[in-house]
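Participant: Residue numbers (my numbering), protein chains in the order written: chain A, 34 to 181; chain B, 34 to 181; chain C, 34 to 181; chain D, 34 to 181.
Possibly wrong hints are sitting among the right ones.
[What the hints assert, rightly or not] No farther apart than 25 Å at their CA atoms in a straight line, the calculated lysine to aspartate or glutamate pairs in the DMTMM-like style are these:
#, chain 1, residue 1, chain 2, residue 2
1, D, K176, D, E46
2, D, K134, C, E133
3, D, K143, B, E177
4, D, K176, B, E112
5, A, K134, B, E180
6, B, K176, D, E163
7, C, K176, A, E177
8, C, K143, B, E177
9, A, K143, C, E177
10, D, K143, A, E180
11, C, K143, A, E177
12, B, K176, D, E177
13, A, K134, A, E67
14, C, K143, C, E45
15, B, K176, B, E133
16, D, K143, D, E112
17, B, K143, C, E112
18, C, K143, C, E67
19, A, K143, D, E46
20, D, K143, A, D154
21, C, K176, A, E112
Note that these hints are calculated values from the structure, not bench results.
The lines below spell out each chain.
There are 4 protein chains.
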Amino acid sequence: MSDFVVRSPRWEERVRMSFASQPLMAHLGCLLGEVKPGEVEIILPQSPGVMQQHGYFHGGVISSIGDVSAGWSALSLMEEGFGVLTVEFKINFLNPGVGEKLVARGRVLKSGRTLLTVQSDIVGVQDGIERPVATGLFTMIAKEGLEL
Amino acid sequence: MSDFVVRSPRWEERVRMSFASQPLMAHLGCLLGEVKPGEVEIILPQSPGVMQQHGYFHGGVISSIGDVSAGWSALSLMEEGFGVLTVEFKINFLNPGVGEKLVARGRVLKSGRTLLTVQSDIVGVQDGIERPVATGLFTMIAKEGLEL
Amino acid sequence: MSDFVVRSPRWEERVRMSFASQPLMAHLGCLLGEVKPGEVEIILPQSPGVMQQHGYFHGGVISSIGDVSAGWSALSLMEEGFGVLTVEFKINFLNPGVGEKLVARGRVLKSGRTLLTVQSDIVGVQDGIERPVATGLFTMIAKEGLEL
Amino acid sequence: MSDFVVRSPRWEERVRMSFASQPLMAHLGCLLGEVKPGEVEIILPQSPGVMQQHGYFHGGVISSIGDVSAGWSALSLMEEGFGVLTVEFKINFLNPGVGEKLVARGRVLKSGRTLLTVQSDIVGVQDGIERPVATGLFTMIAKEGLEL
Numbered sequence: 034m035s036d037f038v039v040r041s042p043r044w045e046e047r048v049r050m051s052f053a054s055q056p057l058m059a060h061l062g063c064l065l066g067e068v069k070p071g072e073v074e075i076i077l078p079q080s081p082g083v084m085q086q087h088g089y090f091h092g093g094v095i096s097s098i099g100d101v102s103a104g105w106s107a108l109s110l111m112e113e114g115f116g117v118l119t120v121e122f123k124i125n126f127l128n129p130g131v132g133e134k135l136v137a138r139g140r141v142l143k144s145g146r147t148l149l150t151v152q153s154d155i156v157g158v159q160d161g162i163e164r165p166v167a168t169g170l171f172t173m174i175a176k177e178g179l180e181l
Numbered sequence: 034m035s036d037f038v039v040r041s042p043r044w045e046e047r048v049r050m051s052f053a054s055q056p057l058m059a060h061l062g063c064l065l066g067e068v069k070p071g072e073v074e075i076i077l078p079q080s081p082g083v084m085q086q087h088g089y090f091h092g093g094v095i096s097s098i099g100d101v102s103a104g105w106s107a108l109s110l111m112e113e114g115f116g117v118l119t120v121e122f123k124i125n126f127l128n129p130g131v132g133e134k135l136v137a138r139g140r141v142l143k144s145g146r147t148l149l150t151v152q153s154d155i156v157g158v159q160d161g162i163e164r165p166v167a168t169g170l171f172t173m174i175a176k177e178g179l180e181l
Numbered sequence: 034m035s036d037f038v039v040r041s042p043r044w045e046e047r048v049r050m051s052f053a054s055q056p057l058m059a060h061l062g063c064l065l066g067e068v069k070p071g072e073v074e075i076i077l078p079q080s081p082g083v084m085q086q087h088g089y090f091h092g093g094v095i096s097s098i099g100d101v102s103a104g105w106s107a108l109s110l111m112e113e114g115f116g117v118l119t120v121e122f123k124i125n126f127l128n129p130g131v132g133e134k135l136v137a138r139g140r141v142l143k144s145g146r147t148l149l150t151v152q153s154d155i156v157g158v159q160d161g162i163e164r165p166v167a168t169g170l171f172t173m174i175a176k177e178g179l180e181l
Numbered sequence: 034m035s036d037f038v039v040r041s042p043r044w045e046e047r048v049r050m051s052f053a054s055q056p057l058m059a060h061l062g063c064l065l066g067e068v069k070p071g072e073v074e075i076i077l078p079q080s081p082g083v084m085q086q087h088g089y090f091h092g093g094v095i096s097s098i099g100d101v102s103a104g105w106s107a108l109s110l111m112e113e114g115f116g117v118l119t120v121e122f123k124i125n126f127l128n129p130g131v132g133e134k135l136v137a138r139g140r141v142l143k144s145g146r147t148l149l150t151v152q153s154d155i156v157g158v159q160d161g162i163e164r165p166v167a168t169g170l171f172t173m174i175a176k177e178g179l180e181l
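Just chain A, with the same shape it has in the complex (with noise of 0.2 Å):
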């Protein structure tokens, strides 16, 4: 566990339910790895549909799976009827998207009362050997009466 603050005893259900919510989820294919307070991993297999033309996964999948895992990381720190929106994030891409899977572990920085920053690293996983692929930094901002 964490150090944060837990605000809402629904935390954990409140990532599940967003997370089974959202359509882009489904459409590329991802699935919720461990979810903590403060911290979420999303996971992407490989599959054609996620990958660019040199065969790696590509760029916006990667930058997408940071952003919501980033996203969910802020999430689990909610009050009840807060949710959460991408203010801005800035990534880089530190080796190719390789791997059977990629993993997205969000981790909150900074949990203020209206922004909070949150890191995500994405690595590459095979074999069970995992390898950067990417890291970001993501503004998240707390709004009031946003459905999850």
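Keeping the supplied structure of chain A fixed, place chains B, C and D upon it in accordance with the hints.
Facilitator: Coordinates of chains B, C and D only, in the frame set by chain A:
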């Protein structure tokens, strides 16, 4: 036409071939819009798979079309035998992704020997009216021998 | 004049007061250029303390004037009683920082209730000729009760 | 010591020489902290010229020390005859810049042939207690023949 110097007589064909060979484009339902030296448009009509749970275009999808419009803007200025890869990018979301379609307009700001800096503006279009959705700055690297 | 709505009759005075009260501006030798609603220019003449070891304007200094031009562009749109803070920014360096002076031109892209997105373009000027040096995207947050 | 391969026996001397030759460092009052392969610390004691108008360290100064800590982290891994330039960077501000001094800790995430990705964490220190102030991601390019 922009002010950029064209380094390959096949510059437009190369962009069109690269677009056609990228599985994610078909998977998302993207179309190629205007193609000029240093400037490439990507069009994304609304469809269920590219939306998030609140009925807007998904942030990851918005980033993805920004990224590819930037990448092909850079590719249009490459000489024969060179492709481009995204080094990193940053995107700010300005308004919710609303509209019958999104248009991402890449435009090279600086074309160096190794690196290119590209801006991409993404707008939502409804009944012919455009509204800003996001803007991003992308760093691309020229790679010899990279297939389109 | 830009299209932005002015929310304080003292908008220009507020920008000029805030500039005058910031020690770093005097320390670097910055001047205030054009001030319009949503658009503020900062001018930095060459001097030994703001250069790096290769004889160019220092990247940190280039970022600093981008940041303050963006901040005061945002401040010019605030109502009375509100100040702004930088949440995050991103800057791409396009050409070496060369010239008798630098000019940073901030321009608000989106003015929301809580957050503002601002672009700043930094150019080097020599004998009246401008050359792009850097461009950045800045996220600013409006804070009630923040002194200018 | 970090895991990075040292490519010049003079790696540490090169970092120290480069630091000493950079006028902005003296102008701001920066000190060099720990220097390891791929990891360099910059220390900035509080002084009037580096503060903004609310009594905190100025954001531009925070970015500047992040940038140079990242740059020298990259330089420490260069072979003889190569220097580094900042291509672009992104910084998120986490807490106000408070403390008797700031420490910026650069750390290379990926050292490629041409490009390096570096993270820098900036903390404020008061009475031996550290508090996060900012974190940034930096892209550096290796340049042959660049003076340190």
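Participant: So, for every hint listed, does it hold in this structure?
Facilitator: Hint by hint, here is what the structure shows:
1. K176(D) / E46(D): holds, 19 Å
2. K134(D) / E133(C): Given pair K134(D), E133(C) is violated - Cα atoms ~33 Å apart, limit 25 Å.
3. K143(D) / E177(B): Satisfied, since the Cα-Cα distance of roughly 21 Å is no more than 25 Å.
4. K176(D) / E112(B): holds, 22 Å
5. K134(A) / E180(B): Answer holds: K134(A) to E180(B) is near 23 Å, not above 25 Å.
6. K176(B) / E163(D): violated, 42 Å
7. K176(C) / E177(A): holds, 18 Å
8. K143(C) / E177(B): violated, 39 Å
9. K143(A) / E177(C): Answer holds: K143(A) to E177(C) is near 21 Å, not above 25 Å.
10. K143(D) / E180(A): Violated, because 38 Å separates the two Cα atoms, which is more than 25 Å.
11. K143(C) / E177(A): holds, 21 Å
12. K176(B) / E177(D): holds, 18 Å
13. K134(A) / E67(A): holds, 15 Å
14. K143(C) / E45(C): holds, 19 Å
15. K176(B) / E133(B): Not OK: K176(B) and E133(B) at ~36 Å, beyond 25 Å, violated.
16. K143(D) / E112(D): Holds, at roughly 16 Å.
17. K143(B) / E112(C): violated, 37 Å
18. K143(C) / E67(C): Between K143(C) and E67(C) the Cα gap is close to 20 Å, so the pair holds against 25 Å.
19. K143(A) / E46(D): Violated, because 36 Å separates the two Cα atoms, which is more than 25 Å.
20. K143(D) / D154(A): holds, 13 Å
21. K176(C) / E112(A): holds, 22 Å
In terms of the numbered hints stated before, the structure departs from hints 2, 6, 8, 10, 15, 17, 19, listed from lowest to highest.
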